[in-house]
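*Asks:* Protein chains in written order, with the working numbering: chain A, 1 to 428; chain B, 429 to 856.
To be clear, the hints were calculated from the coordinates, so they are not data collected in a lab. If you're wondering where the values come from, they're calculated on a predicted model, not measured in any experiment. For each residue, glycine too, the CB sits at the ideal point set by N, CA and C. Some hints here could point you the wrong way.
Which chain B residues face chain A? A few, computed with CB under 7 Å, are given here [what the hints assert, rightly or not]:
no.: 1; residue: N447
no.: 2; residue: S454
no.: 3; residue: A458
no.: 4; residue: L460
no.: 5; residue: L713
no.: 6; residue: M715
no.: 7; residue: F728
no.: 8; residue: Y735
no.: 9; residue: N737
Cβ-Cβ distance ranges computed for the label pairs, FRET-style [said to hold, decoys possible]:
no.: 10; chain 1: B; residue 1: L517; chain 2: A; residue 2: R115; range: 52 to 58 Å
no.: 11; chain 1: A; residue 1: R115; chain 2: B; residue 2: V847; range: 35 to 41 Å
no.: 12; chain 1: A; residue 1: A383; chain 2: B; residue 2: T539; range: 51 to 57 Å
no.: 13; chain 1: B; residue 1: P656; chain 2: A; residue 2: F109; range: 26 to 32 Å
no.: 14; chain 1: A; residue 1: F109; chain 2: B; residue 2: L629; range: 18 to 24 Å
no.: 15; chain 1: B; residue 1: E569; chain 2: A; residue 2: S192; range: 39 to 45 Å
no.: 16; chain 1: A; residue 1: R334; chain 2: B; residue 2: A811; range: 40 to 46 Å
no.: 17; chain 1: B; residue 1: A459; chain 2: A; residue 2: K107; range: 42 to 48 Å
Now for the letters of each chain:
2 protein chains.
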Amino acid sequence: MKAEIIAVGTELLLGQIVNSNAQFLSVELAALGIDVYFQTVVGDNSSRLQEAIEIARSRADVILFTGGIGPTEDDLTKEALAASLRRSLHIDQLAMDHVQRFFDERKVFMTENNRKQAIIIEGTTPLANEIGLAVGLAFAEKDKYYIVLPGPPREMKPMFTDKAKPWLQQHALTNEMPIYSKMLKFAGIGESLLEDKLIDLIHSQTDPTIAPYAKEGEVTVRISTKAPSEREAMEKLTVLEEQIKAILPEHMYANIDVPLEQLIVDWMADAGLTLSAAESCTGGLLMQSITNVPGSASMFKGGIVCYSNEMKMKLLNVPSAFLEGVDAPGAVSRQVAEVLAEQVRMTADTDFGLSVTGVAGPGYSERKPVGLVFVAIAERGKATEVFELNLKGTRENIRLRSVKALLYRLWRRLEERRVATPLEGSDL
Amino acid sequence: MKAEIIAVGTELLLGQIVNSNAQFLSVELAALGIDVYFQTVVGDNSSRLQEAIEIARSRADVILFTGGIGPTEDDLTKEALAASLRRSLHIDQLAMDHVQRFFDERKVFMTENNRKQAIIIEGTTPLANEIGLAVGLAFAEKDKYYIVLPGPPREMKPMFTDKAKPWLQQHALTNEMPIYSKMLKFAGIGESLLEDKLIDLIHSQTDPTIAPYAKEGEVTVRISTKAPSEREAMEKLTVLEEQIKAILPEHMYANIDVPLEQLIVDWMADAGLTLSAAESCTGGLLMQSITNVPGSASMFKGGIVCYSNEMKMKLLNVPSAFLEGVDAPGAVSRQVAEVLAEQVRMTADTDFGLSVTGVAGPGYSERKPVGLVFVAIAERGKATEVFELNLKGTRENIRLRSVKALLYRLWRRLEERRVATPLEGSDL
Numbered sequence: 001m002k003a004e005i006i007a008v009g010t011e012l013l014l015g016q017i018v019n020s021n022a023q024f025l026s027v028e029l030a031a032l033g034i035d036v037y038f039q040t041v042v043g044d045n046s047s048r049l050q051e052a053i054e055i056a057r058s059r060a061d062v063i064l065f066t067g068g069i070g071p072t073e074d075d076l077t078k079e080a081l082a083a084s085l086r087r088s089l090h091i092d093q094l095a096m097d098h099v100q101r102f103f104d105e106r107k108v109f110m111t112e113n114n115r116k117q118a119i120i121i122e123g124t125t126p127l128a129n130e131i132g133l134a135v136g137l138a139f140a141e142k143d144k145y146y147i148v149l150p151g152p153p154r155e156m157k158p159m160f161t162d163k164a165k166p167w168l169q170q171h172a173l174t175n176e177m178p179i180y181s182k183m184l185k186f187a188g189i190g191e192s193l194l195e196d197k198l199i200d201l202i203h204s205q206t207d208p209t210i211a212p213y214a215k216e217g218e219v220t221v222r223i224s225t226k227a228p229s230e231r232e233a234m235e236k237l238t239v240l241e242e243q244i245k246a247i248l249p250e251h252m253y254a255n256i257d258v259p260l261e262q263l264i265v266d267w268m269a270d271a272g273l274t275l276s277a278a279e280s281c282t283g284g285l286l287m288q289s290i291t292n293v294p295g296s297a298s299m300f301k302g303g304i305v306c307y308s309n310e311m312k313m314k315l316l317n318v319p320s321a322f323l324e325g326v327d328a329p330g331a332v333s334r335q336v337a338e339v340l341a342e343q344v345r346m347t348a349d350t351d352f353g354l355s356v357t358g359v360a361g362p363g364y365s366e367r368k369p370v371g372l373v374f375v376a377i378a379e380r381g382k383a384t385e386v387f388e389l390n391l392k393g394t395r396e397n398i399r400l401r402s403v404k405a406l407l408y409r410l411w412r413r414l415e416e417r418r419v420a421t422p423l424e425g426s427d428l
Numbered sequence: 429m430k431a432e433i434i435a436v437g438t439e440l441l442l443g444q445i446v447n448s449n450a451q452f453l454s455v456e457l458a459a460l461g462i463d464v465y466f467q468t469v470v471g472d473n474s475s476r477l478q479e480a481i482e483i484a485r486s487r488a489d490v491i492l493f494t495g496g497i498g499p500t501e502d503d504l505t506k507e508a509l510a511a512s513l514r515r516s517l518h519i520d521q522l523a524m525d526h527v528q529r530f531f532d533e534r535k536v537f538m539t540e541n542n543r544k545q546a547i548i549i550e551g552t553t554p555l556a557n558e559i560g561l562a563v564g565l566a567f568a569e570k571d572k573y574y575i576v577l578p579g580p581p582r583e584m585k586p587m588f589t590d591k592a593k594p595w596l597q598q599h600a601l602t603n604e605m606p607i608y609s610k611m612l613k614f615a616g617i618g619e620s621l622l623e624d625k626l627i628d629l630i631h632s633q634t635d636p637t638i639a640p641y642a643k644e645g646e647v648t649v650r651i652s653t654k655a656p657s658e659r660e661a662m663e664k665l666t667v668l669e670e671q672i673k674a675i676l677p678e679h680m681y682a683n684i685d686v687p688l689e690q691l692i693v694d695w696m697a698d699a700g701l702t703l704s705a706a707e708s709c710t711g712g713l714l715m716q717s718i719t720n721v722p723g724s725a726s727m728f729k730g731g732i733v734c735y736s737n738e739m740k741m742k743l744l745n746v747p748s749a750f751l752e753g754v755d756a757p758g759a760v761s762r763q764v765a766e767v768l769a770e771q772v773r774m775t776a777d778t779d780f781g782l783s784v785t786g787v788a789g790p791g792y793s794e795r796k797p798v799g800l801v802f803v804a805i806a807e808r809g810k811a812t813e814v815f816e817l818n819l820k821g822t823r824e825n826i827r828l829r830s831v832k833a834l835l836y837r838l839w840r841r842l843e844e845r846r847v848a849t850p851l852e853g854s855d856l
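The shape of chain A in the complex, shown without the other chains:
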């Protein structure tokens, strides 16, 4: 089955944003066994959009649209598709109620143009938008399958995964043997080193297939196979998973697509362990990534962003001798990382205390190089561990990698504990 992805939006043609939606959908469709033959980007222009639709219909079985279904005058995707199929448009009442509720709850007047977001093409299946307002849609006509999705990735992704994908599986993929996949998650290792370690396996392996890819400082390996039943697929996948885990036992942290911080939050909550943190160069990024996980309140008590030396001394009792004077180790040092982790743990009275101090750049500080970072883990009744990192990249990369490296070290500590005292409800 052949697919074409049509992304609609002049902002793409002006280069204001990159077409990450096409990448996401291409990965998802490949996993469904659908071959993407073309990706097209067209602007907010009805005639050119209809032209693109005609071409796509001539060469693809499945046509997916992203973008152009918002409230503004420029949003024309549904209108152009309806016109080229000579179908009419109408307001979907459920979608309209959803839009109206949104404004009512905020006690904000709903402007007329928002009604546009509840429009669907007659005789199609509306795809509810759980995150935003614009309703999507799915339908089949003359052996062609059409899916219309919103442009913003945070609306598009869940609508595809929760609504469009099941619709495709039910309507378009009935005769295909389904593809089953497992996501193996790795931390503390880069994509190229991971690929290097798995290269023989990747080459010798035809079924299941192995596809590594990097994503926000973590590496994921997707293993996939076609099989008549999930049970048969999982048998094949589990054998390969064990082989891969045996090659990288210290880096594979999950066999489901879960971020490392969520695994840590779940494990610590299950074990009744509590956490606090002191951040200098990461300035809150560590704590925000932990607290972004639902349920983190049960294990994370809080912490301190000690961006200035005054804050380090005042709130975390870092001795001024560590920070001031020519012979002082300085804020970016093992000694300070250690004190920060221990002091925040004591202040918050938690089982674990984390700290990060380093030079995120641009420009060195304390005559220390950009990318030099120290992270520490303090634990009640245990010796504090400090790790030195030498990172490359932009300020943002260095901050992100510092957080990921510290979370990786914490995961290793928790993993050791779990081996010593196994818990129920383990992810691995």
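Chain A is fixed; fit chain B onto it per the hints.
*Replies:* Coordinates of chain B only, in the frame set by chain A:
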């Protein structure tokens, strides 16, 4: 003049990489006054590639190719283009010498397939590859202009900028006027309400053009015009900018593409003002977005993530009477937001203190609805302002919107100060 960008590579169709080349070239072409009408991605398949070439020739004046000119069997771009134009291919001697030199310098035997990288289409201008090995090319035929570039961005970008762009300016753009744009940035207003307020202007306006779009909790309006010189363009753009600002004076914060937090950091640093923050439901997101700005160390001292009530009481002196007992206002309340902002300001001894407390969900707390958030701004010697927000969306959205809403309120406060005591080096 209309352009189409054709990116060639199966890795794009599999979603293994994102098409960042199309974004780069779109920005470059817009700046040259060339309108990109379509971006196409096609795999390493000769017949589908020729099909894409035929379509592009029917609708564009300039066709740019990226990718598919390497040494492997899959690299077919030049071959397919030559076939569809019925032209022959030959080795370009200078390009061949460049390839040979590369291997000689490394004392590596050059395999036969590398000769492919020196191939050009007869009668075209070779574009030398300073970074890699594959030669690009440029030519005109029947009023159409063709540019062939490598796939790897680090080879493609310099080849476009140093070789293809001058070629286009000399051959294709002799009578074109360049496009000049300004990015107007807005906060504290949604895309649809903004568009609603500007709708008359958008409709009455043909030159410069107005294009609003939303991006990570901020709204940007791009105004563009073609003009013979930058001075003439800026005169036209500034008139329109003033009209737009007059309609939304309380929301337009910049006329350059700068995030709100960067503007705040720059302003406060210029004015010698300092900042601290206390975060509950946002758990560090506010501080991380501020510290993500280079130079924030000069104005941001740090703060406290008081995720638990214990931390609120212990580190920020929130009276237990506010938090405990049936009649207590609770952690999510005006009173607590106020204390948090004032206490963190005093603890960090800064000019401003910010706070956020709310219910990010999932699931209510203190019998309060998800999305109820209080943000506060404390200032030395001034009364503390508290704002109630009623937000919708995922936990992540609510956290992000809380931060954006608070930064917006802080910007308004700073804006008032600047009107009272104007500074040099203003962004607006």
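*Asks:* Confirm or reject each hint.
*Replies:* Hint by hint, here is what the structure shows:
1. N447: 6 Å, holds
2. S454: 3 Å, holds
3. A458: Where the cut-off is 7 Å and the nearest Cβ of chain A is about 5 Å from B:A458, the hint holds.
4. L460: Violated, because the Cβ-Cβ distance from B:L460 to chain A comes to roughly 12 Å (cut-off 7 Å).
5. L713: 4 Å, holds
6. M715: Status holds, d = 3 Å.
7. F728: 5 Å, holds
8. Y735: 4 Å, holds
9. N737: 10 Å, violated
10. B:L517 to A:R115: 52 to 58 Å: Because 56 Å falls inside the window, the suggested range holds.
11. A:R115 to B:V847: 35 to 41 Å: 39 Å, holds
12. A:A383 to B:T539: 51 to 57 Å: For A:A383 and B:T539 the Cβ distance comes to about 55 Å; the hint holds.
13. B:P656 to A:F109: 26 to 32 Å: Violated - the Cβ-Cβ distance for B:P656 and A:F109, about 44 Å, lies outside 26 to 32 Å.
14. A:F109 to B:L629: 18 to 24 Å: 20 Å, holds
15. B:E569 to A:S192: 39 to 45 Å: This hint holds: roughly 42 Å between Cβ atoms.
16. A:R334 to B:A811: 40 to 46 Å: Roughly 45 Å apart at Cβ, these two residues keep to the hinted range, so it holds.
17. B:A459 to A:K107: 42 to 48 Å: 44 Å, holds
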